[in-house]
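K.L.:
The chain contents come next:
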Amino acid sequence: MTPESPANRRRHATEAAAKVPGMVREMMVAPQRARENGDPVAYTFIQSCYDEIIQAMGITPACVENFAGVCGAKRVAIDFLERAEAEYFSRSLCTYALCGLGFDAWREEIGETPPPAPWGGLPRPDMMLGTGLAICDPRHKWFQAAQLYMPDVPVAHINLPYPPFQRGIDHHREMGHYVSYVVSELRGLITFLEKHTGRKMDYDELAARVDLVDRTWDLCWETYDLRRAVPTPMGTGDAFNTMVPLNFMQGTQQAHDFFRDLRDELQGRIDAGLGAVPKEKYRLLWGGGLAAWFALNDFDYFAELGAAFPAEVSYRLAERIDHLELPTTNDPVEHIAWRWVKYHTYWYDRAQARENSQPDVEKLIRFIEDYGIEGVVMHEAFSCRTWHPGLIWQLNHLKKIYRDIPTLVLESDMVDISSYNEENTRNMIDAFIDVIDAGK
Amino acid sequence: MEAYLTQQGLGLVEELYRDYGRRARELSAAGRGVIGYLCALVPVEIIRAAGLLPLRIKGVSEEAISDADANMETLVCSVVRAWYDVMLKGRYDYIGGLVIPHSCDSMMRTYDIWVNTLGLPYNYLVDLPHSSGGEALTFYRAVLQSFRESLARLVGHDIPDAEISRAVRAYNDYRRRVHELYEMCKCQPPRISGTEVTKTLVAGLGLPVDEATELIEGVIREVRDRPVGSGGRPRLMLFGAEQDSVDFIRIVEDAGADVVLGYFCPGAREYGTLVPETEDPLTGIAERYLNLNCARTYRDTEGCDDPLEVRFGEIGRLAREFDAEGIILMIRRCCDPFGFEVPALKRYFESRGLKTLYLEDEYTPASGRLATRIQAFLEMLPRGVGR
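So the protein lines, in turn, are chains A and B.
Residues in the first sequence are numbered consecutively from 1, following our numbering.
Residues in the second sequence are numbered consecutively from 441, following our numbering.
It should be emphasised that the hints constitute simulated quantities derived from the structure, not laboratory data.
Treat each hint with caution, since some may be false.
Claimed, not checked - Pulled from the structure, derived: some chain A residues nowhere near chain B, Cβ distances all over 12 Å:
id: 1; residue: G22
id: 2; residue: D39
id: 3; residue: G120
id: 4; residue: R124
id: 5; residue: E304
id: 6; residue: T329
id: 7; residue: D349
id: 8; residue: E423
id: 9; residue: T425
id: 10; residue: M428
Claimed, not checked - With the C-beta cut set under 8 Å, the calculated list includes, among others, these residues of chain B facing chain A:
id: 11; residue: T550
id: 12; residue: D552
id: 13; residue: P569
id: 14; residue: R736
id: 15; residue: E742
id: 16; residue: C744
id: 17; residue: D776
id: 18; residue: K786
id: 19; residue: E800
To be verified - Within a straight-line C-alpha distance of at most 20 Å, the following computed EDC-like cross-link-like pairs (lysine to aspartate or glutamate) qualify:
id: 20; chain 1: B; residue 1: K786; chain 2: A; residue 2: E109
id: 21; chain 1: A; residue 1: K440; chain 2: A; residue 2: D430
id: 22; chain 1: A; residue 1: K400; chain 2: B; residue 2: D509
id: 23; chain 1: B; residue 1: K626; chain 2: B; residue 2: E662
Small disclaimer: the values here were computed from a predicted structure and weren't measured.
Beta carbons: idealized from backbone N, C-alpha and C, even for Gly.
Taking the hints into account, I'd like the entire structure generated from these sequences.
P.N.:
Written as structure tokens, this is what we have:
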């Protein structure tokens with residue numbers, strides 16, 4: 001996700017990761033092309049349960065978070081953030097959303113792509129697919145707000161709940177009504193899409209896409225599991241690229257084949273003893289927080305100090321399918337719903353089993369043990385109240401119920417570069433590495 | 441009203457507002473179970489039906505947020521952080537549990553922090569769909585049934601439908617009294633100030649509902665004969681999310697306006713809707729909470745000619761009913777649900793001829809900077825100060 005200039009190009013360990021910027025560019029261009037051809041285009045979010053559905057209906061996704069991330073990486077987001085602010089959106093709100101809304105307001109005003117937009121920007125969509133009760137508040141507010149600038153573009157809103165973790169409450173007992181609700185919401189979405197595209201859902205095609213996603217998840221899991229090797233063949237800097245096919249291209253053959261190739265490449269690197277970092281001295285976990293897309297070169301700085309990231313919590317949004325113990329069903333919509341609910345509750349039983357544990361902390365413990373982790377790095381993005389509340393507490397709780405381990409919390413944002421100070425960040429990294437060194 | 445109260449009406453309101461939670465503390469000492477809760481989206485009827493006293497957690501805006509910072513990031517909205525801060529400082533050390541609704545990310549995503557750092561014996565997170573269409577009612581009713589069972593385990597006995605229906609009637613009675621209180625704001629000048637109304641509503645949040653109803657009745661008796669006249673100050677409506685302190689309202693009134701309605705919680709948003717008294721009480725409760733007009737709940741406007749009227753029509757109708765000539769949108773920083781509403785709200789109100797001022801602030805005593813902006817705004821109104 002890093003379209004850097006050649007002089008400032010970030011180092012990638014894997015060939016696969018180096019290919020991703022081209023894929024990102026194609027993802028941006030595809031909806032523009034679809035628009036020109038008269039094919040339906042939808043504004044979409046990642047991890048919204050509807051990847052296979054829109055793929056099966058031939059709808060081209062225009063991924064709004066991807067657009068904002070690219071703007072952040074190319075350091076042009078500030079123009080759109082300021083435009084959103086001029087529309088009376090607070091700068092304290094989600095900057096992904098602000099970037100998108102600023103762009104939309106600007107494009108609708110001038111009737112063409114605003115000049116700062118990379119790669120032609122986003123085309124005007126035929127529909128916007130929002131989600132609630134799932135990942136974050138902006139997912140049900142963003143498109144509602146965008147409709148102010150595009151009042152004729154219909155918005156679908158679906159709820160995608162999963163049972164919250166509550167100590168002493170058996171979430172398995174709660175799953176039934178959660179899955180039923182998700183199924184009904186997805187069926188409502190299909191009705192909406194059929195109405196606005198004039199196309200009927202092909203359920204055989206949907207079933208095939210669902211199966212493809214299952215196989216892609218398995219491949220992804222198998223691939224990332226290879227990173228346990230010492231030295232690790234691939235780090236989080238690369239994984240913040242390879243998250244693109246995992247999160248933005250679900251339900252496509254390209255995503256599946258990407259992980260097949262990446263798996264083979266990592267196995268080759270392991271066989272050849274090639275590490276992501278030339279002289280791996282420290283093994284770190286990216287324990288939480290979205291990426292600062294404008295500051296991915298920080299991973300190069302870690303690498304210069306001998307620090308590798310064999311694993312990350314962020315964007316690793318897949319689990320091996322047989323681990324989820326999904327009930328058998330011939331209904332692809334039900335399968336999607338079960339996979340959603342089971343994935344999001346996957347760590348609950350483990351957390352219930354350990355005294356005072358909690359799923360996010362349990363996940364950290366598992367990564368620390370499986371990947372031989374010596375320190376945990378997190379990133380607090382000031383504008384995101386989805387992934388970031390509780391990160392500090394998670395680290396405190398990790399030390400309380402598990403063991404003391406060096407931790408580092410970086411602070412900036414995903415998109416807003418004005419929140420970032422490179423010198424301070426690197427001083428903090430230096431100090432953190434010193435602490436790990438002292439404990440060796 | 442209980443003998444412990446030495447005053448009535450607004451004198452009592454002042455006492456209870458200044459010493460918020462005093463009655464709950466006393467009842468707790470006498471053996472009554474008290475359950476704290478956040479925000480207007482917790483179905484308090486079920487807690488009361490379990491024989492427990494629901495107590496809304498309230499921040500203290502004059503106190504700097506300090507202890508909360510050790511665990512809760514400053515990117516979380518300052519209202520939630522203020523609530524957590526006072527909890528950590530022991531202000532509610534008599535409560536036996538805490539219920540948090542899935543209102544917004546700042547509440548939902550901090551649930552584990554509350555549970556694991558406060559160490560209360562009972563905690564529950566009540567999920568709530570972000571829209572009311574489709575199968576939302578069926579789903580949310582199932583969520584409420586699980587909540588009911590959880591409370592039944594806590595108190596050691598079933599919670600029968602009849603008890604829930606009784607609680608529904610008690611809260612509906614209270615909400616009707618709030619409507620009567622608002623009637624006192626319709627005349628010119630209002631018989632009761634916005635500051636007095638909010639103090640009354642906040643005080644009521646700390647009482648058993650029957651006592652809160654009596655409290656309001658006492659206030660209405662006290663103010664209903666206040667004189668009315670003609671002319672007077674600009675009439676304003678205030679809009680925002682949670683407003684459990686009167687600092688901001690007082691600044692607006694000190695600047696020379698009458699606050700005729702506060703569309704926040706506690707306020708007109710929270711008390712605008714009764715629970716339908718259905719045969720199955722959980723269904724009625726589910727309907728009410730799914731349809732509260734909060735920014736966190738998505739309003740489906742598919743196929744509507746005027747989507748903004750669907751979303752904000754109730755607020756516009758109240759503005760007309762209360763003869764408001766301007767509205768101040770007071771939005772907390774880091775509040776995604778309400779922050780994303782602002783451009784649409786401004787466009788809606790301005791299209792209806794209402795002057796609109798948008799302010800953003802933290803949960804702290806309102807500052808002089810805000811006072812200056814409010815004064816400038818008042819000068820633009822037909823009955824504006826200085827005209």
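K.L.:
Which hint numbers does the structure go against, in order from smallest to largest?
P.N.:
16
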